[in-house]
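Peer 1: The chain contents come next:
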Amino acid sequence: MESPVTRLPTRRRTKSYGRSCFEASSRFAYTSGQLTILRIPTTREAPRARNIAERVDPEQVTLLIKNEWKLSYVTPLYRFRHTHLKKYSKHLSAFIAAEKQQGTAVEVGLETGYRVTFSTVLGIAETDEDAETVFIQIQSKPMFAATGDALKVVWSGWLTCVNGSPEYLHSLLPDFVSLPLFCSSGPENITVVVKSWFEKMFDCRFGSLGLDSTSLQWLCALWTGCHPDNNIRYLRLLWTLPTQPPLDVSYTVNPQDAWELWNSVRQEDSVDGTVGIDEVKHFMAGLESHFFRHFKIYLSSGTLRKVSTALGSAQQDGKVKILCSDYLATVLTLLTECAILKMPI
Amino acid sequence: MSKTMSKSHNVSEAESCIHGAANRSSRRSERRRADVEDPFGRALEYFSQVKAGTPVKGNDALENNLVLVERVALGRGLPPGAVATLLDFALSLRLGKKLLCSRVLKFLIPASAVPQDSVVRGVSWFCMGKMPVSAQILFLRWILTMFDLIDSKDQHYIYINDFCSLLLIITQWIFSLSPYVCHLLYLLTTKEHGKQPPLTQLLALYKVLCPEMIAISMPSKTRGGFKNHNLPWKTALAAVLKKNKTAEAPSPPLSLDIKEKASTRKRKLHHLEVPQLSCGPEIESSRGKAVHLQQLRSFAQLLQNLDNIELPAQMGSLLSSSLALHYLDCVHDESALLRLNFWLGSVLHEEFLFCSRDGNPENSTEPSQFLDMLISTQDFLQECFSSSEFFLFKFLAMWDGSLHQPQILSLLSDIPPLPVSRMKMFLFEPLQQLYFTSSVFFKCGVIECLRSMLWKWLTWHFVQTSHKELDVSLSSSRTMNLHMSEFLELVTELVQYVGRLASAGLQLENYHILLHHQTLNFYELVCDVYLKFNLPLFLLPPSGVIFPSLLATDPVTVDRLGYVIFRYRQNLMSAKEHKQQKKEPSFHISRDVFREFNLLMVAVVSCLWISKDCQVDVGTDVHKALVPLRTMLSYCKNYNLIHHPAFLNYAIEFHQKCWPEQTNVDLSSIQGKKYWYWYLEFLFSQGFDGLKDFIQNNMDHQSTPVGGH
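Chains as they are written, first to last, in the working numbering: chain A, 4 to 348; chain B, -17 to 691.
Do not rely on the hints blindly, as some may be mistaken.
As the list claims (entries may be wrong) - Just some of the chain A residues that point at chain B, by a computed CB distance under 10 Å:
no.: 1; residue: Asp178
no.: 2; residue: Lys203
no.: 3; residue: Ser211
no.: 4; residue: Phe294
no.: 5; residue: Ile343
Since the hints were derived computationally from the structure, they do not count as laboratory data.
We put the CB at the ideal spot given by N, CA and C, even for glycine.
Chain A extracted, bound-state conformation (with noise of 0.2 Å):
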């Protein structure tokens, strides 16, 4: 006979830091596929111009677009609610006039005090499970001014998440929102200050984001693609070559040769919308032979650190511009992309 003892039903311990293949339903299952289903898409979306003012407030678009964003990725936040914006504004601008008050951070001329606000903008996101985007900017109230004086804009950012990978956000419990691509500009040090203000938050962290010659391959040839709905007017790359010292060159091309060039090497049957990473590469590989049979150097054997074209420009460590809205979702969902892809679980 069992001791009553023996028989109680002794609630052991099942839980695991970790999950291993014995449990029915391991808990961070959802973990277990990142290594696997996560990979670098081949093909994409073709770019469509799309009126980003007809769903969204063209003023929040301009905010969008005027300024040169340095990217960040944030792991998902916990307990984020877009309903609690007002309280988030209140909430960090005391923070930071705590942190300044403590002299450990921001000293930006004479400023006495700084207004936060956070705002939605809405109609960015494209998909069910993208969260909204978030829009924080902050003011400064410069110590003589007069009360009807204009606040000065000294920082902005905005968090956001355009077509993120569905499998990663469903696998997320709902405690979390993910917004994992975060553009900041403005002073570094304030966007440390709001970085941390977010990591002591939504514990979250922040990891810096470059961007690979892959994604700017990628970027080059989707403005390409756009040329003749909008003029791109020049398409401008900048290697670094391996030289001693470091050789940069500068390529412009003329927008309608490389959109020629896109144009030949377009599979017939891949017109239906998509574009995929061979006819990405045979792009780059047209360019950089044109290049090398007027000047004998090989590109590829370098890294590429920028494109630019009157559509936007980005740079190998990750600072983006946009200046035409109508391709705003393609080149965010790229981003978007690249953020998830550095998240570490």
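Using the hints, position chain B against chain A.
Peer 2: Only chain B this time, still in chain A's reference frame:
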């Protein structure tokens, strides 16, 4: 108004005196019991009891006690209770006015903290206005120096209230005079005086607190308005604190020992900083009874409040203290664990994978300290964080095998059992590439890492299965059998993998002795899997491991091989018995296992036992498999225990002991029946226990080496 204020002040003071007296008497009785032998305790008692008006001059007791307390204070600092007693003694001016007060104040160095109620009492003495000015100044300077150490015995939030009362007393005192003082200042102050730094500093503070009152602009850099006076206690205090800190260091108490920030080098990105424990943002309304983790000081408190503890705002902060880790072990909130994993994963990725280090790669102490912290945390929790597992799998693909080698190998051994295919892809293959291209020491590290990993899996499995027997209801939902087969497959795969690594590695490294021992270490675990972990799995070492060990020139290697074979035999015998008794259909041991083991036995026995003029006598069923064995034996006929190179010098020593007069050593004379046994006894007496177990359990039928005589 000032009258009523001072009245109420007097009342509160009287109360505090009564309270203090009660305290004192209870303290006294306690002390009498505990500190009869303790001169320091008696000295304190003296100071708390000494009556007003006791003569000072020629009072030896007073002098002796003062000297004693002073020595202790300057040596290791005063405990909080002593600070309270002495402060009370000094400020009450019981024994004369000036000298004693400043003398005591000058050596009042606290060891850890100043009780806040003692400061409040001190301030009330101060406000009575009987102290001479020099003593007043000294006391205020003392408070300024000790300001950071003023602490309350209770929780943090009470502290704030009590501290307010302290401020209140001071302000009461100031404001009872302030109309006159201000008036006087108003009359005397000229423009030049207004620029005095302390006044500016105070004005700056007022400007922050009530900006509408002060409209003037301040210079933005008002720092240094208050001079950092060269206070007499500073150096002594620093010395005492430092001394106490180093004394405590070897045995970290079970407390909230939040690790200090690495402030020596300011890292630009703070990747490796564990956040500080802090409560959630005020925006979220917390539950009424919630307790914050940073308020807890001991394990007992943690247990009492276990159900009311509020999770910290940043889950990563739980890694900062041992007490918090105990709590982490009880956290069942999935979101919380996910937060922790996001944090940890991001730290690891940023530091080691994305390598956004601040251009200083050679400074690797901080990263390795972080990894050490992670290792000890996982050891404590006995589990691997999934974020660290993913990190490792990614890191392994780009690891050079040397960066933080001990830490990475240690972390790898924490990886939980995963499906075989994943394990092969993410661990075995990249590790194998590193193994074959690295030094022998790395090879040893890898084998040890895999041994430790297997040991953790087996322990874990053992706990799971024994737990299952206890509680059927829990595991009935899970189809354990299916998973069991997966687990067996995985363990088999791991053991075979190590077998391949070890046999190839031994050959590559020219049978390096360290690698030999690591390999045998591994098989010492594998051979006992049935008896120790109740897992019916019998996996023999490959011949690439057995024969090099058998023919090793190092006797300890041969001895360990003997032990391993002995344990295999014990396991197999016990499994066989178990099978015959229970007749369980599920419990099946393949015949091949027994056959393979018998072959191994034959080979080893033939080698160590059979002398050169003997023929191997084996059964016909294993004859075919023995063909390579025969050829091998033709080469190592002389590898019995006498001629074996590992034991040759033992044989010679034995020979010299038996026949000390013979100069011509003829080892074959040991093979005589009597001498053979003596020789074995001699070997066993040299500590070859593995060999002893092996021989005594296998050779009971054969009294002497076959064909010996």
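Peer 1: Run every hint past the structure and note whether it holds.
Peer 2: Right, here's what the structure says about each hint:
1. Asp178: Hint on Asp178(A): holds, closest Cβ of chain B at ~4 Å, below 10 Å.
2. Lys203: OK, holds: Lys203(A) within 10 Å of chain B, min 6 Å.
3. Ser211: Hint holds; Ser211(A) Cβ to chain B Cβ min 6 Å, cut 10 Å.
4. Phe294: violated, 31 Å
5. Ile343: violated, 13 Å
Violated hints for the displayed structure, listed by number in ascending order: 4 and 5.
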